[in-house]
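In order, the protein sequence lines correspond to chains A and B. Reminder that position 68 of the first sequence reads as 68 in the working numbering, one-by-one numbering, no gaps. Reminder that position 244 of the second sequence reads as 244 in the working numbering, one-by-one numbering, no gaps.
Note that these hints are calculated values from the structure, not bench results. Among the clues, some could well be false.
Calculated cross-link-like contacts (lysine-lysine; reagent style DSSO-like; alpha-carbon spacing at most 27 Å) [said to hold, decoys possible]: (1) Lys-97(A) <-> Lys-13(B); (2) Lys-101(B) <-> Lys-167(B); (3) Lys-92(A) <-> Lys-207(B).
What follows is a list of derived Cβ distance ranges for each label pair [to be verified]: (4) Lys-149(B) <-> Phe-80(A): 34 to 44 Å; (5) Pro-172(A) <-> Lys-296(B): 50 to 60 Å; (6) Glu-56(B) <-> Leu-133(A): 44 to 54 Å; (7) Gly-9(A) <-> Lys-113(B): 48 to 58 Å; (8) Tyr-126(A) <-> Tyr-128(B): 54 to 64 Å; (9) Ser-8(B) <-> Met-109(A): 51 to 61 Å.
Derived list of chain B stretches under chain A, where covered just means 3 residues or more per stretch with a C-beta under 8 Å from a C-beta of chain A [what the hints assert, rightly or not]: (10) 77-90; (11) 168-174.
Backbone N, C-alpha and C define an ideal beta-carbon position, used for all residues, glycine too.
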Amino acid sequence: MKLRSRLPGTEKLKREKIYVIFLFLGLVLVAFVFITLGNMLYRQTEDFPALIDAATNLVVLKAIGISISMAMASTLIAFFFGVPLAYFLARKDFPGKSIIEGIVDIPLMIPHVIAGIALYGVFMRYGVIGAPLKRLGIVITDAYLGIVIAMLFMCLPYLIDTARAGFKEVDPRLENVARSLGASHWRTFREITFPLAFPSILSGAILSWGRAISEFSAVLILAYHPISAPILIYEKFTSFGLAASRPISVLLISICLVIFILLRMLQKGRK
Amino acid sequence: MIEVRNLSKDWKKFSLKDINIEIKKNEYFVVLGPTGAGKTLLLEIIAGFYFPDRGEVRIAGQEVTNLPPEKRRIGFIYQDYSLFPHFSVEENIEFGLKLRKSASPDTNRKKLKEIMDWLGIAHLAHRYPATLSGGEQQKVAIARAIAIKPSILLLDEPLAALDLRTKDYLREELKRVKEELGITMVHVTHDQTEAMVLADRIAVMMKGRIMQVGTPYEIFNKPQDEEIADFVGVENILSGVVRNNENGVAEIEVDFCRNIFAVSDYRAGAVKLFVRPEDIILSESQGESSAKNVMKGRIEALDDIGPLTRVKIDNSLVALITKQSRESMGLQKGEEVYATFKATSVHVVR
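Build out the structure end to end from the sequences listed, making use of the hints.
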């Protein structure tokens with residue numbers, strides 16, 4: 001036996017070689033994210049008063065509030081229309097299904113600026129949808145509704161795709177059995193399918209919500225005002241530089257992280 | 001009780017072709033067939049999970065072809081038990097009970113307890129399906145299905161994923177369900193033993209068609225054609241020509257050995273002969289047997305299968321004997337033996 005193989009753990013490492021290599025490759029990305037965000041948070045601790053200023057500034061708080069609440073609104077809309085679609089796509093095969101799936105995923109592919117321009121074309125005062133809404137007294141551009149619509153467009157694939165995968169994992173035979181026991185299709189969905197797919201749907205909702213908060217370009221074009229957090233941060237950055245924009249950024253991601261962690265815990269708790 | 005008429009359906013890679021069966025009340029009916037024959041699809045159509053392309057399903061004289069499953073009151077049990085993973089055992093069994101508006105919570109509790117006691121699963125009440133063994137899960141699935149007092153219970157390979165002992169035990173439980181509760185059972189399986197032990201009648205299904213319906217004896221001893229014979233374990237399938245027939249005993253010429261005698265009406269022409277391997281007796285000397293057919297041959301192979309030994313003889317016969325008789329005769333490969341079988345053991349078809 002060679003000497004080096006007697007070293008404790010060497011044999012095990014050899015057996016798991018592929019995992020070791022893959023782990024090191026993957027760690028490059030983990031470090032990339034960690035260093036970027038960690039650096040920002042760390043730098044901010046050197047300028048703590050600026051963070052306090054941001055956290056007590058009404059304009060900043062309002063912008064963050066808008067981002068979080070509008071993101072929630074768009075996620076709820078995506079949920080209301082997207083969960084039924086996800087269930088349908090998970091259960092039914094039909095010609096042209098991949099076309100619908102493709103359309104749902106378009107927002108993942110196209111540059112957000114382009115999405116913003118497209119949305120503006122439709123929802124502006126003279127747009128296909130904007131014009132009739134205007135006649136009803138509803139204005140989308142530069143309004144809360146505009147923020148929600150821009151966010152909705154960008155976040156809906158996340159919710160639909162994740163929910164569809166969740167529904168797919170629920171064995172249709174469970175639904176069959178529930179119905180043989182006397183439950184209607186609605187009741188089966190409510191008591192069996194939806195609860196079993198819920199962890200995935202919640203994951204999708206969290207992803208969708210996070211995506212909506214971070215939406216910048218599409219919101220910028222459709223509704224620069226009322227000013228939401230990413231736009232405020234960008235404005236500060238272009239006008240006053242890094243030192244002015246960083247505290248708001250740190251504040252926003254801290255709040256988001258706390259909500260994100262709480263939701264994750266809720267999800268784990270349910271499992 | 002259940003009538004399926006001219007039913008056809010194409011679904012994914014399965015298709016059912018012109019199925020006609022009639023299942024009697026309180027009958028234990030087994031649909032036997034190889035994997036991919038469309039057995040499960042047939043069961044799911046009877047339950048109402050899928051609708052046929054053509055044909056109809058009648059239950060207790062009423063047409064139910066387009067009735068949704070929740071209106072049919074048919075219990076359904078799948079091979080993988082399909083328990084609701086987010087419900088405890090108790091909640092699983094209660095699911096169907098709660099859906100019936102007439103019953104009060106008190107009577108439901110009583111029924112629940114009764115059923116759990118009857119199947120011996122009361123101690124599992126608060127456990128979740130993921131923590132149960134396969135046998136326990138299947139008992140819960142049975143409890144859940146019979147809780148709604150169905151008149152029909154459909155079982156899709158209910159024992160296929162269980163170990164032998166549990167299988168034997170649950171087989172008895174299924175018999176008990178049929179006998180004590182008077183439920184009509186339709187059981188789908190590819191397992192011949194299961195079919196033989198449980199069935200009042202068997203339908204053999206292959207490639208989407210019902211090939212033969214009959215009692216276990218008829219199916220296993222008098223298969224209608226070569227394909228069925230082969231599937232139900234008739235290992236001796238021979239071709240021959242009827243040369244003579246005296247008083248219902250045909251003398252049939254086969255190419256590899258002396259003529260075979262069989263009880264048959266056929267007077268002339270080419271036929272197929274089926275002899276089950278367990279109907280062939282082996283002996284070391286010709287002896288004094290009343291059996292009409294005696295053939296000498298050399299042992300080509302001896303394979304142990306469970307408590308039995310499969311003996312292949314060079315005259316192309318296969319015999320199934322107990323391990324005990326193999327040992328007492330001291331059978332060895334290459335040895336010469338006499339294979340004997342009765343004229344009544346030979347099933348002749350055109």
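Honestly, which of those hints from before does the structure not fit?
Of the numbered hints, 2, 9, 11 do not hold.
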